[in-house]
Each structure stands twice: as C-alpha cells, then as structure tokens.
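Just so you know, the protein sequences line up as chains A and B, in that order.
Here the first sequence stands for residues 57 to 331, where the numbers follow the working numbering.
Here the second sequence stands for residues 57 to 331, where the numbers follow the working numbering.
Among the hints, erroneous ones may be present.
Which copy is meant is left open, because identical chains are indistinguishable; a pair holds if it fits in one copy or across any two.
What the hints assert, rightly or not - Derived lysine to aspartate or glutamate pairs resembling EDC-like cross-links, with alpha carbons at most 16 Å apart:
1) K66 to D309
2) K192 to E248
3) K66 to D266
4) K63 to D175
5) K66 to E278
6) K66 to D306
7) K237 to D148
8) K237 to D151
9) K63 to E278
10) K63 to D309
11) K187 to E95
12) K192 to D215
13) K245 to E165
14) K61 to D266
15) K117 to E324
16) K267 to E183
17) K179 to D215
18) K117 to D128
19) K80 to D266
No wet-lab data here; the hints were simulated from the structure.
Protein chains: 2
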Amino acid sequence: MNLTKLKQHKSFSGYTCVYQHDSKMTKTPMKFSVFSPQETVQHCTIWLSGLSCNEENFITKAGAQQYLANTDTMLVCPDTSPRGLNLPHEHDDYDFGSGAGFYVNATTEHYRNHYRMYDYISKELIELITKNFNIKTFSIMGHSMGGHGALMLGLREKDLFKTVSAFAPIVNPSECPWGQKAFTGYLGKNRELWQAYDATELLRQGYQHDKAILIDQGTADEFLESQLLTDNLQQAAGKVGQQLTLRYQDNYDHSYYFIASFIRDHIEFHLRHRL
Amino acid sequence: MNLTKLKQHKSFSGYTCVYQHDSKMTKTPMKFSVFSPQETVQHCTIWLSGLSCNEENFITKAGAQQYLANTDTMLVCPDTSPRGLNLPHEHDDYDFGSGAGFYVNATTEHYRNHYRMYDYISKELIELITKNFNIKTFSIMGHSMGGHGALMLGLREKDLFKTVSAFAPIVNPSECPWGQKAFTGYLGKNRELWQAYDATELLRQGYQHDKAILIDQGTADEFLESQLLTDNLQQAAGKVGQQLTLRYQDNYDHSYYFIASFIRDHIEFHLRHRL
Numbered sequence: 057m058n059l060t061k062l063k064q065h066k067s068f069s070g071y072t073c074v075y076q077h078d079s080k081m082t083k084t085p086m087k088f089s090v091f092s093p094q095e096t097v098q099h100c101t102i103w104l105s106g107l108s109c110n111e112e113n114f115i116t117k118a119g120a121q122q123y124l125a126n127t128d129t130m131l132v133c134p135d136t137s138p139r140g141l142n143l144p145h146e147h148d149d150y151d152f153g154s155g156a157g158f159y160v161n162a163t164t165e166h167y168r169n170h171y172r173m174y175d176y177i178s179k180e181l182i183e184l185i186t187k188n189f190n191i192k193t194f195s196i197m198g199h200s201m202g203g204h205g206a207l208m209l210g211l212r213e214k215d216l217f218k219t220v221s222a223f224a225p226i227v228n229p230s231e232c233p234w235g236q237k238a239f240t241g242y243l244g245k246n247r248e249l250w251q252a253y254d255a256t257e258l259l260r261q262g263y264q265h266d267k268a269i270l271i272d273q274g275t276a277d278e279f280l281e282s283q284l285l286t287d288n289l290q291q292a293a294g295k296v297g298q299q300l301t302l303r304y305q306d307n308y309d310h311s312y313y314f315i316a317s318f319i320r321d322h323i324e325f326h327l328r329h330r331l
Numbered sequence: 057m058n059l060t061k062l063k064q065h066k067s068f069s070g071y072t073c074v075y076q077h078d079s080k081m082t083k084t085p086m087k088f089s090v091f092s093p094q095e096t097v098q099h100c101t102i103w104l105s106g107l108s109c110n111e112e113n114f115i116t117k118a119g120a121q122q123y124l125a126n127t128d129t130m131l132v133c134p135d136t137s138p139r140g141l142n143l144p145h146e147h148d149d150y151d152f153g154s155g156a157g158f159y160v161n162a163t164t165e166h167y168r169n170h171y172r173m174y175d176y177i178s179k180e181l182i183e184l185i186t187k188n189f190n191i192k193t194f195s196i197m198g199h200s201m202g203g204h205g206a207l208m209l210g211l212r213e214k215d216l217f218k219t220v221s222a223f224a225p226i227v228n229p230s231e232c233p234w235g236q237k238a239f240t241g242y243l244g245k246n247r248e249l250w251q252a253y254d255a256t257e258l259l260r261q262g263y264q265h266d267k268a269i270l271i272d273q274g275t276a277d278e279f280l281e282s283q284l285l286t287d288n289l290q291q292a293a294g295k296v297g298q299q300l301t302l303r304y305q306d307n308y309d310h311s312y313y314f315i316a317s318f319i320r321d322h323i324e325f326h327l328r329h330r331l
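Just chain A, with the same shape it has in the complex (with noise of 0.2 Å):
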C-alpha cells in the first residue's frame, strides 16, 4: 500500500496533497486529495464528489480547509472512478463511466474488474487512511451522486461513519434518469439489484444511521424536480424514523457556490456529533 505524494501546498496552517497509490480493488492508479490540519489527527471526513469531478474540485473550491485548521481532523476526497482504462462508452458521456462511478460495485461484463467504487471507498482507501494517518474515527458527506454516495454508505456502513451529511443528494437514483442509466450500465436491467445501492430504498429496507443526517438543499437546484427527488428520501426516513435535518436554503443552486456557503455547517456539524 505505497502512497506516493504528487502535490502538497501549504494551507490554513496545515498542508493540502494530493496522493496516488495502486489500487487492488479498481486494479488501477487512484489519487485523493488531502488536508492535514497537523501533523498528527485522529479523525477524518470523507468528502465524495459529484458526476465529472475527481480529486481536486472540492478541494480547491470549497474553502473547507479553514473550517477544519487546528483541529485534530483531516479531510480526504477521493476520486470519483478509476482512470486511464478504456472500457466500452467509458468516456462517452459524462453521466456513465470516468468520472460517474456512482460508488458502487459494478457487476455488468466490461465494468466488474474495475469499477468497485463501493469497496474502493468502504474498505481499501479506509484501510490505506487508517494505517498512514493513524485515524481512529470517520465521518462522510458529499455532493449530488457524492451526496448520495454519502447516505447511502453511511446507511450500510453505519459504524464506521460516525456522521453523515450532504449537499444536493441525488436521493433516490432507481427513480431518476441518472441513477438509472447508471445503475443499469455497472449492475444490470434487474431492478431489485440496485436496492443494495439506493438510500432511499435502504431507508425502506429498515437500514437506519443512529445519528440525524444533515442535508442542505437549494431551492433554484436545475436538478431539484427532475434527478434529485428530495421528498422520496424525506417521506421514507419519515415513515421508518430516520431522524434527518432537511434544509431547503433559498435560492441557491446545484454549483459549488451553494457547497461553499455552507460547508462550515456541515463540517462543524461533522466535528461536533462524531463521538
């Protein structure tokens, strides 16, 4: 498990990177981006980006770094799919494929060796931060698919992420055009398949986090009607009593603007009921 160190710029008092290391669960090279606070940390948010990010986009325009400076946490993005492969209409849009892993384990013909995002975030690179940055506890949020990566693995690995949050989570993808082309190219036509992947259906399933999840959501989103369906996830934590903290902030949109203007929330949010 080499972590090679591609970039580190001095932030905040603390360091930003960029590392890249070979990944036995994609079976190719994956980058994540880094901000230490300091030299030693104990804690660590995991931050999961949206379709056609990778590494950098939250980390150089989100402006998270000072809310986390002198404390004992560390944040680490990851990238959102492998790279350098060339798989079948891999590239061709930017909803499906390179940059649109949608965090789960592929198990169609041509995405199965490599696109095992689920495992590459809940095991490997937990696995890769807890031993090189000697991390006792984690939390997660995201953004749009990142957002929806967050519930959904804080629903199925609720003891590891001590928190979740997220900003425009694409809430319920089995019901939106996204998800389901998405979910249709790494897992199948077969329906019940994408289940295990749909934090709105996990809710249904009975999966519940013991925290209250946070979500900010804008209410002039371009996404808002027609791939994010917000209310599907609030009626089903509803009904099964999932405690969920659903804000709905007016006016602002899908952009990384809208992160920025309230990641200080959600990171103290993060820092505040992780224990």
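Got chain A sorted already, so can you dock chain B onto it with the hints?
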C-alpha cells in the same frame, strides 16, 4: 456600455456573477466576475489575477465571498488580457499575450490596438462599475502579475484606489524574465518606456501611496528568487518612505492555497483602511 450577465450563483447570501461587455479599449468582448453581497453596495475592491488566469480563477478558488458577506463592498475580478484575437505569438506561451496582459497599454505594432489593459482597468472598467453598481470608492489587490498590477495601478492612481494590497507580486518586472519578456513584447526594447509600468521604478521616481501597502509573500514560493524580487520593492519603499507591511509567510507557495489562507486579512485591510 451594455452589460450582459452570463452567470449568476447565490453565494453567502449574495450573488457571484460573470458579466460580459464590448470594450472600447481592447476592441474585444471582455468578461469580469463579481460578488455582490447585497443589492445596494457603495464600495468595490478590484482583484487582478496572475499569468494564465481568467476572470474566474479567483472567484472560484480564493474563498473571498464569505468575508464580504453582509458588507457594503463588492468584488470585481477582470480578465487578464483581451480574448478572441489571433495576434502574432499571442497564444504561444503562458507568459505573454493571452492571459498575460500585464496591465499595460501596449505600444508595439501588433499589440497596441488591443492590449490596453491599463486604460481598460483604470478607466473603462472603473466607469462601468461606477455607473452600473453605483460605487463610490475603489480599492485594488492582486496576485503575482496581478499583484504587480495592483501595486503599479495603486501608485499611479492613488486618488482612485484608496488602498492597495498584493499576494506574491512581481515587484520589479524590468529586472525579471517574466517582466522583460512582456515589456519587450508590449512596449519595445527602450527600457525607459518600461518605468511607467514598474512598481519599484515608480517608487524611485517619487510615486507614493498615502496608505501603507499590504503584501503577503510565501517563503516557499517557487518564483521568489527568480521572478518576484520582493527585496527590490522593500528597499525602494524604505528609501522613499513608502509605508509597507510586508509579511513573509513561512512555507507558503505561489498557489491559490496561499491566497485562500490570507485573503481574509486582505479584505479586512481594505474594509478598514479605505476611508
């Protein structure tokens, strides 16, 4: 002076926007980004970016908006050169031509009709912002090439720009490779013509700003010794009595991570001292 709004994103209770207009100075369409914390503002801080940047680098990466939220001061970030032309050698290198206007009025044959960035910033943009946003006072800051632009414009237009600050500025372009290449290309080989656009030379000639100038410079900046020549400005300022707050920041480099780490101080400096 028609302004076209190309983008608008709610940010920190205000709006981050990108505008375009047809410039008389450059005879091209020019873009600039804006953060307006409220509908009505009275003051404006201009940000000048460095080599290879456009009107969006600072507004997406520096995290500046939060420190202007709920104030009466807007932020305006112009592009670093005209665009859409195809002048000889204009797109050959990152440090000359497009993305590298150096905030001068060119006099050389191929560039003099379009590369008039000094007049574009100090006259056309100021007039446009004043009229469209009802602005009363301006201040100026920038990074690297734009840090020098802020120093140079601030010294020459001290009644217009009430306060001046810079991150990692090229302080003496006549004496470094970046500046020599740009000034030769825009102004020709007669070095006497360069002095009007060189902040250190302007200090030596007697130009001064009434207020102390704030400069942050990272000690791990990869361009410090070869291009920035920070000492030259410090010595010239000392000789002529220009007040200067020059802060060397330990282990910070030339990147936007450095800018993000200290932009709060610069914005507070401009808010505090402009009156």
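The hints, checked one at a time:
With identical chains, the CA atoms of K66 and D309 are at most 16 Å apart between copies only, with a shortest distance of 7 Å across copies and 31 Å within one. In the homo-oligomer, the alpha carbons of K192 and E248 never lie at most 16 Å apart, since the shortest distance is 35 Å inside one protomer and 63 Å across protomers. Within a single copy, K66 and D266 get their C-alpha atoms no closer than 36 Å, and across copies no closer than 33 Å, so neither meets the 16 Å cut-off. Proximity of K63 to D175 under the C-alpha cut-off of 16 Å is found in neither arrangement, the shortest distances being 26 Å within a copy and 38 Å between copies.
Proximity of K66 and E278 under a CA criterion of 16 Å is satisfied inter-copy only: 13 Å between copies versus 35 Å inside one chain copy. Proximity of K66 and D306 under a CA criterion of 16 Å is satisfied inter-copy only: 9 Å between copies versus 35 Å inside one chain copy. For a Cα distance limit of 16 Å, the shortest separation of K237 from D148 inside one copy, 13 Å, qualifies, whereas the shortest one across copies, 42 Å, does not. With identical chains, the CA atoms of K237 and D151 are at most 16 Å apart within one copy only, with a shortest distance of 8 Å there and 44 Å across copies.
In this assembly of identical chains, K63 and E278 lie within 16 Å of each other by CA distance solely across copies; the values are 14 Å between and 34 Å within a copy. For a Cα distance limit of 16 Å, the shortest separation of K63 from D309 across copies, 12 Å, qualifies, whereas the shortest one inside one copy, 31 Å, does not. Proximity of K187 to E95 under the C-alpha cut-off of 16 Å is restricted to the intra-copy arrangement: shortest distance 14 Å within a copy versus 50 Å between copies. For the identical chains of this complex, K192 and D215 are intra-copy neighbours only, at 12 Å inside a copy versus 56 Å across copies, given an alpha-carbon limit of 16 Å.
In the homo-oligomer, the alpha carbons of K245 and E165 lie at most 16 Å apart inside one protomer (13 Å), although the nearest pairing across protomers, at 65 Å, exceeds that limit. When the C-alpha separation of K61 and D266 is checked against a cutoff of 16 Å, the pair qualifies neither within a copy, at 36 Å, nor between copies, at 46 Å. Taking the closest pair of Cα atoms, K117 and E324 never come within 16 Å of each other, the shortest separation being 18 Å inside a single copy and 21 Å across copies. For a Cα distance limit of 16 Å, the shortest separation of K267 from E183 qualifies neither inside one copy, at 23 Å, nor across copies, at 54 Å.
Taking identical chains as interchangeable, the C-alpha atoms of K179 and D215 lie at most 16 Å apart only when both belong to the same chain, with a minimum of 13 Å there against 61 Å between chains. Proximity of K117 and D128 under a CA criterion of 16 Å is satisfied in neither setting, with 22 Å inside one chain copy and 24 Å between copies. In this homomeric assembly, K80 and D266 never come within 16 Å of each other (Cα to Cα): the closest approach is 31 Å inside a single copy and 62 Å across copies.
Of the numbered hints stated above, those contradicted by the structure are hints 2, 3, 4, 14, 15, 16, 18, 19, listed in ascending order.
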